[in-house]
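Letter by letter, the chains look like this.
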Amino acid sequence: MKNTIFKFVALALLLLCSSMSLLAQEVTKTNLESFLEVEQYNRAIHIMVMLLIGFGFLMVFIKKYGRSALTATFLLVSISLPLYFLIHTSALFHEHGTEIEELILAEFAAASLLIAAGAVLGRLKMFQYIILGLIFVPFYMLNEWVIIENGLGLIKNGVADTGGSIVIHAYGALFGLAVAMSMTTKKELEEPIEADATSDRYSILGSMALWVFWPSFCAALVPVEAIPHTVVNVFFALCGSTIITYLASITIRGKINIADIANAALAGGVAIGSTCDHATHIEALVIGLLAGAISTIGFAIIQGKQKKLMKIVDTCGVTNLHGLPGLMGGFAAIVVVNGLNVSDQLSAILITIVSALIFGFLTGKIISLFGHRKEAYVDHEEFMDAEE
Amino acid sequence: MKNTIFKFVALALLLLCSSMSLLAQEVTKTNLESFLEVEQYNRAIHIMVMLLIGFGFLMVFIKKYGRSALTATFLLVSISLPLYFLIHTSALFHEHGTEIEELILAEFAAASLLIAAGAVLGRLKMFQYIILGLIFVPFYMLNEWVIIENGLGLIKNGVADTGGSIVIHAYGALFGLAVAMSMTTKKELEEPIEADATSDRYSILGSMALWVFWPSFCAALVPVEAIPHTVVNVFFALCGSTIITYLASITIRGKINIADIANAALAGGVAIGSTCDHATHIEALVIGLLAGAISTIGFAIIQGKQKKLMKIVDTCGVTNLHGLPGLMGGFAAIVVVNGLNVSDQLSAILITIVSALIFGFLTGKIISLFGHRKEAYVDHEEFMDAEE
Amino acid sequence: MKNTIFKFVALALLLLCSSMSLLAQEVTKTNLESFLEVEQYNRAIHIMVMLLIGFGFLMVFIKKYGRSALTATFLLVSISLPLYFLIHTSALFHEHGTEIEELILAEFAAASLLIAAGAVLGRLKMFQYIILGLIFVPFYMLNEWVIIENGLGLIKNGVADTGGSIVIHAYGALFGLAVAMSMTTKKELEEPIEADATSDRYSILGSMALWVFWPSFCAALVPVEAIPHTVVNVFFALCGSTIITYLASITIRGKINIADIANAALAGGVAIGSTCDHATHIEALVIGLLAGAISTIGFAIIQGKQKKLMKIVDTCGVTNLHGLPGLMGGFAAIVVVNGLNVSDQLSAILITIVSALIFGFLTGKIISLFGHRKEAYVDHEEFMDAEE
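Chains as they are written, first to last, in the numbering used here: chain R, 25 to 412; chain Z, 25 to 412; chain E, 25 to 412.
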């Protein structure tokens, strides 16, 4: 099996190398352009903190699964980042951004992939995450190409999705959900995923890393003069979702659930993505409040029913954190953004939902070919010195 | 009780919305100004790391209190940030900075609030932190308005307090001390606050996050050409306090106390605030050495006596980390800053001390109306699945 | 003993103060230069995250040694940073950079020192780390002066080592190895250094903090227009080493070793240092793949033999993470960088190896004068409340 992976990776790298125009970029920019790009560079680093430390540690809550969650994060980022970058700067695409812009787009793809992986966390072996990454990236690029770059001529007037509520968050969540759907066995439904009580502080660490750097995610590709307003909006949305998560969690459950805090507090960041550069601060706060409420309701009420009715185990609850708030954010743009083409916005949402579900389901079937688990994964299986 | 909070928050938001001029900021700045603001934006993000990850994890050392310390941090930031921003950009204030400047000022308020909350950590329920935040912010703004914006015409020639030794650190610490004073019961004095031995590494994580980003805190609103000198000064002060903390801790106590390291190592950052843009590097180092020594003496010697004599329990020892070093930093400016109006500087310190103590005491009484504890708070009280 | 340290530190500070031209820097730069310096400032902060949180937590894996690893990190940084800065901006050196450039150079020295300390971690008392820092910095500066500033006229055409594969990583690792060599007792060889099973997530946190900010380390002093290409190269190298570390670890050992992941995943960053601004992206990826493979082989195979044959205990395996990949990176420049003077590059590598080993061995002997351990250090020895 290991040999198969070796060959697969080698083949993929070779194909990429041969098909692309090697990037021996000349450094002939003017100072001003350089400044703009170095500005963006700081945001690219912030996003990288979110990808590794943010997503990585947010997922460290499953019992006996800390090592693999962090290793999986490392591998998913390391596979998707160069893969997206090399394809997107190859001759396949006609227009290329600056290197930092391409890096940020690659980070967006990695974020969406990490979201998708969250749905099946604890059910894949390490090499299956690599396969997931290799399949996910091209599908993600297809959706992005259709919606953002109007690849098929379907979205003529553009969509409002600066911070990726639709194409990053909702796409990743629904893709992951579909992978889970096509992989979940009856046995898994019976076996509860146990949280590790001592890991909650790691989860909060991941959550806070996502929270503080989220404005850099949303403002990453925004023109320099619009950054301040965007940044304040994102913080307002996050403050809104954090407050409401506390109120909703204690109201619905009677006591505060720390996993609600770690997760739903971020829903404002997810939902503000589509409108982060257009909303007023108060609108941003309201979007955050709504998103946090929806997300907490998702974790506290819907998740249990989802498992029973749809026969899906969504390990990290990505439907509730990225799926519902992402879609809500996409719809919110219709109210908030002046002059938005409503039919284009709705088409973008619909295309994202459909393609994520179809390609995700397909991907789940492919991954199953490399091994279909009957019992929950524990670190012990692949990691040395891990507790049994 | 929950309904009361709901209504309170809703009312506050409504009042704010109706009274303020909505910020539909036009984006018409020149490139240079935009650059300057995006420069500041990076520092605003750094400060946010300090608020959530820094303060949050520094406080995760009390036994059975990790979840609530982190949740309280989340709530305090989420309440104070929009509250300060909306009031300070409303028609109540005549002159408005750029959005990022206003954001940074709001972060300063949140920092001061977190310091104040550190004094009563482990004795409030979650909704009481929200009340604390709602009351603290207006009081903080009043002091800031009087001292920095010369609101009452008392501080005509200005004070030296760029990095907030006086108005942020000392104010927050003394405010918190007064809240603790008006709330501490006899029972609490008898019951020791137990540190959680396994949490020390989290505390150091918080401490390090504060340490590394502290220069961005002090240099946040400094003119671009003064930033490099300021930044080096802050690091020098922090290096000084870190070294002396080790020496003082092992000298006074016989062995190193890891809590001394986590806390007093930061005293240099607190104390350099008033003079960070004026001191020479050697002066900065000396201020750091002094501040670290004072702070360690505070933790190792004064804290015990304070509890006995003044009948106060200052949970996180904010008096020792932010109070004494903050005041020392304010006084140091008299020696270090050329042309400083000494009487204004002294007035600013005096006003800060008096208003922090009075308003803090008052706030403690108000919070007590919403429930006065007889036994130490444990996570189990409000959080699901927490150990009893 | 404590008094000795007190006097030593005081003396060192006095000597420095008196010998140097005090830096009362005038703030008279043009806006453009200021911008460039503030740009660099962000990278200086990123590097500081790597030094404290990165190196600090990466080393928190030895049983009963968490507190001292973190305290040692604090002390090493706090000693070396002002020491390097004050010496390098004194009259001893003719040409001075901007304050931020000098700060970054000081951070590089601190990084190299932390690497060296990693080799003897768990065998020094806290004050011995201070002595190590005081001795290391001048030796490090000597090597840097000879190689980068062509101090002895030996390296006339310059070397390729932008990100410090040779003068920072290899130098630190070999210096530390030599310290370990001259200090390791027979007893230590018998006593295994036990890893703390619950600390692996802290190590990964440190590792991830290093990973995400590594581009800022390599690009810290690069001209603004070359930063984007450099940054992408560093990420490509890190992605390469991360993927190969997983594959090599599971292939060699049968199961994944989480310490391999935490360490060898970073080898790409170490090795790309010499060529980060010259390599193509694909070359960067290949250098990362090679470095990760070498490093994992080092941890999985060589480390055990090193201990037996060379009678050295390299606690953190810095030879495998910084030594071998650093040297490899230095050699890779010969292939990658057009117009490089090969003999200068080879001389630089040779000088670094020889001076690191000699001065390191000497330093080990000096430190041994202050106490030579027979038993492994445990936190309990110097820290209050630590488990025995």
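Treat the hints with caution; some may be incorrect.
Quick list of in silico lysine to any residue cross-link-like pairs, SDA-like style, CA-CA up to 25 Å [what the hints assert, rightly or not]: (1) R:88 x E:400; (2) Z:149 x R:332; (3) E:88 x R:278; (4) Z:88 x E:400; (5) Z:279 x E:395; (6) Z:149 x R:277; (7) E:279 x R:401; (8) R:279 x Z:279; (9) Z:149 x R:275; (10) E:329 x R:409; (11) E:88 x R:408; (12) Z:88 x R:278; (13) Z:279 x E:279; (14) Z:88 x R:277; (15) E:329 x R:408; (16) Z:279 x E:329; (17) R:279 x Z:331; (18) Z:279 x E:400; (19) E:88 x R:409; (20) E:331 x R:277; (21) R:332 x Z:88; (22) R:279 x Z:397; (23) R:331 x Z:408; (24) Z:331 x E:409; (25) E:149 x Z:223.
Treat the hints as calculated values from the structure; they're not laboratory data.
Pairwise hint evaluation, residue 275 (chain R) against residue 149 (chain Z), where the allowed Cα distance is 25 Å at most: holds, 15 Å
25 Å limit on alpha-carbon distance, applied to hinted pair residue 279 (chain Z) and residue 395 (chain E): Within the cut-off at roughly 18 Å; holds.
What's the verdict on residue 279 (chain Z) and residue 400 (chain E), does the C-alpha distance respect the 25 Å limit or exceed it? holds, 18 Å
Do the alpha carbons of residue 331 (chain Z) and residue 409 (chain E) lie within 25 Å of each other, as the hint requires? Holds. Residue 331 (chain Z) to residue 409 (chain E) sits at ~21 Å (cutoff 25 Å).
Between the alpha carbons of residue 88 (chain Z) and residue 400 (chain E), is the straight-line distance 25 Å or under? Violated: residue 88 (chain Z) and residue 400 (chain E) sit about 32 Å apart, past 25 Å.
Mind checking the alpha carbons of residue 149 (chain E) and residue 223 (chain Z) for me, to see if they're no more than 25 Å apart? holds, 23 Å
Please work out if residue 149 (chain Z) and residue 332 (chain R) have their alpha carbons no farther apart than 25 Å. violated, 35 Å
25 Å Cα cutoff - pair residue 331 (chain E), residue 277 (chain R): violated, 56 Å
Below or equal to 25 Å on CA atoms is what counts here, so check residue 88 (chain E) against residue 408 (chain R). Holds, at about 21 Å.
Distance restraint between residue 88 (chain Z) and residue 277 (chain R), which requires alpha-carbon spacing of 25 Å or less: holds, 21 Å
Given hint residue 408 (chain R) paired with residue 329 (chain E) - CA-CA distance at most 25 Å: holds, 20 Å
Starting from residue 88 (chain E), check that the Cα of residue 409 (chain R) is at most 25 Å away, please. holds, 18 Å
In this structure, the earlier hints numbered 1, 2, 3, 4, 8, 13, 16, 17, 20, 21 are contradicted, and the remaining ones agree with it.
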